[in-house]
Amino acid sequence: MRGMTPLVCVILLFSAASCNRRPTDKRVDIKTALLPEIAADDKAFSAYQPTNAYAASANGLLERTVFQADTAPGTHIDVRDWKLPPGKQTSAITLPGAAFIEVRSGSGTLMSGAQTQQLPLGAFVSVSQDQSFTITNSGQLVLTMRVYVVTGR
Amino acid sequence: MLTRKCARAAINAGLLAGLLVATGCSTIPNWSQFRYSSIRQADQYFESELNNPSKVSTLHPGWSAPFHPSNATWFTSSPIVYNGMLYIGNGNGFFYAINISTGAQVWQYPPAGGKALVSKFTCNPSSYGIASSAAITTIGSTDAVIFGAPDQSSGKHLGDGHLFALNAASGALIWESPALAQVTGTTMGSTSELHEQLGYSAPLVWNGAVYIGTADHCDDPIQQGKIMAVDVATGNLKSGFSFSATPTRGGGVWSSPSAYDSWLFISTGNTRIGASPQPSPNYGLSMLSLDGNTGAVVWQHQPVPFSLDDDPDWSATPAVTWPTSCANMIVATEKDGWTWGVNETSTSSAASVAWAFPPGPWSTGGFKPTDGTVHGDTDYKRPGTSWGSVFAGTMGGYDTTTNLTAGYPRLTALNICGSDTQRVRWLKDIPATSGPTYDLGPPTVTGGMFFVGTAGGHVVAVADPSIQAALGSRCEDPDISNSLCTKAGHRLVPDPWIKDVALPGGSNDGIFGEPVIVNGKIYVATWAGNVYMLQP
Chain P
174 MRGMTPLVCV ILLFSAASCN RRPTDKRVDI KTALLPEIAA DDKAFSAYQP
224 TNAYAASANG LLERTVFQAD TAPGTHIDVR DWKLPPGKQT SAITLPGAAF
274 IEVRSGSGTL MSGAQTQQLP LGAFVSVSQD QSFTITNSGQ LVLTMRVYVV
324 TGR
Chain W
3 MLTRKCARAA INAGLLAGLL VATGCSTIPN WSQFRYSSIR QADQYFESEL
53 NNPSKVSTLH PGWSAPFHPS NATWFTSSPI VYNGMLYIGN GNGFFYAINI
103 STGAQVWQYP PAGGKALVSK FTCNPSSYGI ASSAAITTIG STDAVIFGAP
153 DQSSGKHLGD GHLFALNAAS GALIWESPAL AQVTGTTMGS TSELHEQLGY
203 SAPLVWNGAV YIGTADHCDD PIQQGKIMAV DVATGNLKSG FSFSATPTRG
253 GGVWSSPSAY DSWLFISTGN TRIGASPQPS PNYGLSMLSL DGNTGAVVWQ
303 HQPVPFSLDD DPDWSATPAV TWPTSCANMI VATEKDGWTW GVNETSTSSA
353 ASVAWAFPPG PWSTGGFKPT DGTVHGDTDY KRPGTSWGSV FAGTMGGYDT
403 TTNLTAGYPR LTALNICGSD TQRVRWLKDI PATSGPTYDL GPPTVTGGMF
453 FVGTAGGHVV AVADPSIQAA LGSRCEDPDI SNSLCTKAGH RLVPDPWIKD
503 VALPGGSNDG IFGEPVIVNG KIYVATWAGN VYMLQP
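Sequences listed follow chains P and W, in order. The numbering used here applies: residue 174 is where the first sequence begins, and numbers increase by one. The numbering used here applies: residue 3 is where the second sequence begins, and numbers increase by one.
What the hints contain is simulated information worked out from the structure, not anything from laboratory work. Quick caveat, the model's predicted, so the values are computed rather than measured. Think of the CB as a built atom: it goes at the ideal place given N, C-alpha and C, for glycine as much as any other residue. Treat the hints with care, as some may be off.
[What the hints assert, rightly or not] Quick partial rundown of chain P residues pointing at chain W, CB under 8 Å, derived from the structure:
id, residue
1, K199
2, R200
3, D202
4, K204
5, Q222
6, P223
7, N225
8, A229
9, A231
10, D254
11, R319
12, V323
Sequences are here, hints too, so could you generate the full structure?
Printed below as a string of structure tokens:
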């Protein structure tokens, strides 16, 4: 069988192993090539809508609130998710309270004044109330962060 | 001498021929074991009306009434269909054969008046009666049906797990294996008793042996996970085969073994419990390839290290993807929501990972204690279906790290052979799901038409866009609105056409197992103890 291609082997061996088949026994075609890519500007959307969708913020982030509560007397906690696409940088961000930023996927950099802090996957960094900072996504994946903002009332 | 390529092709041809024989090419297409065949693709290869969306849109219950045995509890096992008969075990401890033309019972085992195959250790639906789906084989010249079940006739008489082989035509017992899973007491949490069970693991008949996994009753406490093998002709333990996931506790095999070539593929459960040290070796929380003759580990993929083990059992049965436009892979979703594609021909003891979904640095080195990922007792437990180069199932998706449980009611189809950026083929949020867990059963497919049962008592058909135009586009990240999708760095993907069929039993009659596809009809079993046939 030297020189015989795998396809020929399959045909020969399959023929030997096959049997008389009724019309209902016909094998279904497998059409699993990649589907054509949908254009980025496509507007033929389906009816699907997320239950808690992100919204675009002026600072360049996509943002949503996932939890809000008044906690200890005089404090309020606000849990948000942020997303930043690959290669993008936010404009200046300030938060109304002290915050922790946790990187849930992707990686990036946080810059505040002259200071630069890496944001690898799993990072958990703090920023102060009214501290101005920017975030850059320098990775290949969408940078997803969970942000816990604690404010006084 | 065969060249390597030709030998490989011969294996594929043999597999195809085997599938044809196993699925009954001499009569009509069958569904002769859990997930259709030994490679557990859940892909009905034979053409039928169910490949035609216009026919699928007319699906409705067939038989005049569902099959509902007396004293039925839930069906957590899935039906199998072979040569005009449907076989399934119930939580009441009886195994049934049903005429698929009429829905009428042909026989039951044990026969009327016999002692039910139930356990005295009862803590979840896998514990009570028969949760193991069956498999068809031939013993001598007799068609036989094999399943796992508890039996109080052995050991401490509490319900050790045994395999049973019955004459498929008459229900007569051909053999009963020795106890493969032992119960030596019923004290929850006891570490001095054995609390083993066969549970949901379905037998695999392969190369003259029957393989099945052992796990535990409710992790109370976790037991030593094993693959047990018996001789298909006699039911006696297979000589020379042994596999334990750990030398002590953990690594339960909740899933059903799959096979390709000479290799078995299994997934295993957690090993970390309390302050116990990591067992060595630790084959828990892993996808594994085993030598089918000896049980020796060929390769292991353990993405979640012991230190992050918060009980993300790998309990979905691995699917062997074949034929694909790339290399064969073993694909399954772990309970934490991540889906993994591992090269079937990994040659070193560490598996060769092809991809992870969602993608990330874990794709190459697994998860790290510093990466912030969470791996707990969530419910991505169902096997997916593999159709050519497409794998579809319930999984975490792009929102795994921020909205972990949101994927329960969703089917996601992945391009097995695409790049990470091409991974998602389509997404579908399935209607008529309910409850916090087990929203969807394991999907099945035929010719690009996917079927899935829901906890709300519906059977839903989803058409791959290659056979039926989609309803429009949606974002591949389900938490991002369609209009913001590409600005967020994601792709728009098709939102497929569906047909939603409500079963007459309503939302109290949910579906746990797989929709079985045979000769243009669908067979499903339900929580309320009904078996339905649907037809165009």
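To see whether the hints hold, each was checked on the structure:
1. K199: Holds. Min distance 4 Å.
2. R200: holds, 5 Å
3. D202: D202/P check passes; min Cβ-Cβ to chain W is 7 Å, inside 8 Å.
4. K204: With a closest approach of 4 Å, the K204/P hint holds.
5. Q222: holds, 7 Å
6. P223: With a closest approach of 5 Å, the P223/P hint holds.
7. N225: holds, 7 Å
8. A229: holds, 6 Å
9. A231: violated, 14 Å
10. D254: holds, 5 Å
11. R319: holds, 6 Å
12. V323: Because about 20 Å separates V323/P from the closest Cβ in chain W, which is outside the 8 Å limit, the hint is violated.
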